[in-house]
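> This is what each chain is made of:
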Amino acid sequence: MLLFSYLLLSGIATGALYALVALGLVVVNKATGVINFAQGEFLMFCGFVAWMIHVQFGLAYPFAFIAAIAAGFVLGAITDRVAFRSLAKTDIVGLVLATVGLAFVIRGTARVIWGGKADYLSFPPITSPEPLMIGTIMVVPQQMIALAGAVLILLIFAAFFQFTRIGKVMRATADNPRAATLVGISIENVYTLAFGTGAAIAGAAGVLAAPLTLLYPDMGFAFFIKGFAAAVLGGLTSLSGAIVGGLLVGVVEAMAGGYIDSSMMELSPFIMIMIVLIICPTGLLSLYKERHV
Amino acid sequence: MSIFSRRNVLAAFLTLGILVPAFANAYHLFIANLIVIYVLLAIGLNILVGYAGQLAFANAAMFGIGAYGTALLQVHLSWPFYFAFPAGALVAMAVGLVISLPALRLSGLYLALSTLAFAQCTQWVFLHWDSVTFGAGGFKSPPISFEPLPLNKPVGLYYLSLLVAVAFTLFAQNLVASRIGRAFVAVRDSDIAAQSLGIDLLRYKALAFGISGFAAGLAGGLYSQVLNFVSPEGFDLFQMVIQKSMIVVGGLGSIAGSVIGAGAIIVILELLREVKGAQEIVFGGLLIFFVTFLRGGIIGTLQSYVPGWDEPLHGARVVSGANTASEIGALDEKQSTT
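Protein chains in written order, with the numbering used here: chain Y, 740 to 1032; chain X, -2 to 335.
One or more hints might be untrue.
[Unchecked claim] Now the in silico label distances, taken between C-beta atoms and shown as ranges:
hint: 1; chain 1: X; residue 1: Ser104; chain 2: Y; residue 2: Ala961; range: 34 to 42 Å
hint: 2; chain 1: X; residue 1: Ser301; chain 2: Y; residue 2: Ile1018; range: 40 to 48 Å
hint: 3; chain 1: Y; residue 1: Thr952; chain 2: X; residue 2: Ala190; range: 43 to 51 Å
hint: 4; chain 1: X; residue 1: Ser301; chain 2: Y; residue 2: Val890; range: 53 to 61 Å
Simulated from the structure, these hints should not be mistaken for lab results. Glycine included, each C-beta is placed from N, C-alpha and C at the ideal position.
Assemble the whole structure, with the sequences as input and the hints as a guide.
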């Protein structure tokens, strides 16, 4: 029971981070039809930015958090303006390859600034790293902070999409770009916003993940592929699906690592992706939806 | 026929390639051998991505399977290289055929994800199946000898690679000009239209995956011999990006472009070897630049400015206009049907 509850909690905590990555992917994909393969690199880069502000400049963690989110937004918006605006009319092969290229540019840049292949930077823990016992359940405070932060971010963005004018504009564009243009929405600006928002969410995930994992330039890809898996589980266009998918990936990963073999932790998400893609390629939630033809 | 036409230039490259061992030092010969191996990889990948339009990310994994297959058959079963080499390539081809099965149901992004996942699984097997693959440290592969021929190992291996690469290039050139090549292009441009013309999607997608897997397997076997060493590191995502940038820089959907792209990328890779992070920045930048501004790659530029570079079937890729939002396309369909 102790092991199970521990695995479940830590699975949910990492799953919440995957959910954030997946959410960023879905926000971009809904608005622009692109899967941003550089999402994991945004996360990594923002993690490093937060490290710089928190450790090198000595500012408090909340400042680092906000700065990383801002950095993510700027990075995403620049990406859209520089690289993707001119690509908007090409096919999916070109778009995917361009985002893969972007991922490597960011990774290389991080390597130049913050260190080489074997350099790992540790992010100082926010709370004591000692696990607490609550009743018969073991809780790692650091994970709980990540979880709380992820939930907070999810709520903020849910409110953003639901209640603010910009959020409504973005939803309208995702729903029907042509009608959105007709009522005077500038689709191009929405694309930039979507890229920025997606990257900001990834940045938040990066700051939350940094104290749990070490920071290194190659960390982004694992987050990307698990977030992508989560997004696919949820059907690639559903925000709630992305969150469910993220939690599922995190829990499955933790369980496989705890009960089968620790090396299975890396493998289980991929096996899960392949099974899901073969059985129901349009995502788990689509099983409960009628299909529009 | 202009003097700088495709045929003449490629023939000049080949002559140069044959003459390389005569004047190159050991390092240059090594680079030349790498280029030849990457020509195999790039052509295989271009058939899959550029001609058949399947956005797959498993080529590096198949390259690895070819290398591991060839080397492990020699180490564990003490097969001679000349049996292990084709066997390793056949294993890679078989794996290619197996991963093409989900490809029939998946397209675009979903295919990209499932092949990425597959590549990660392969990497995991290389790393963790210690008893067979020797884990993260890798292992030495037994060197081949060219006993009866008066060749030392690097030169002999170079000519063997060149022979395989030239044979495969000719095969690919004829393949893409044949019924099969036309079917690939039809599948790429619209699989529904292709199907309605009587093209068996499963068969041709599987064929494209199989051919590219076989080429990657051959390249892997040669690569294991060139390095004398096999380890999981060489077959990761960066390997995949190197191969992708070759076909994008050379020209998607062009055999001559694959050859040029492979040469250009390997030279850049070697020039940048010393600088930390620079390889990644330059490759990523090249990918973005060519996809954004030079969609046809080097070959596209050549085709528009130098006479004699036209290839059968190079034809302009159909750019599906309203791709930015699938909803627009769906909307159009709805409107045109109602």
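> Determine for every hint whether it applies to the structure shown.
Structure-based check of each hint:
1. The supplied range of 34 to 42 Å is broken by Ser104 (chain X) and Ala961 (chain Y), whose beta-carbon atoms lie about 25 Å from each other.
2. Judged by the Cβ atoms, the range 40 to 48 Å given for Ser301 (chain X) and Ile1018 (chain Y) holds: they are separated by roughly 46 Å.
3. With their beta carbons about 47 Å apart, Thr952 (chain Y) and Ala190 (chain X) fall inside the hinted range of 43 to 51 Å.
4. The hinted window of 53 to 61 Å between Ser301 (chain X) and Val890 (chain Y) holds, with their beta carbons roughly 55 Å apart.
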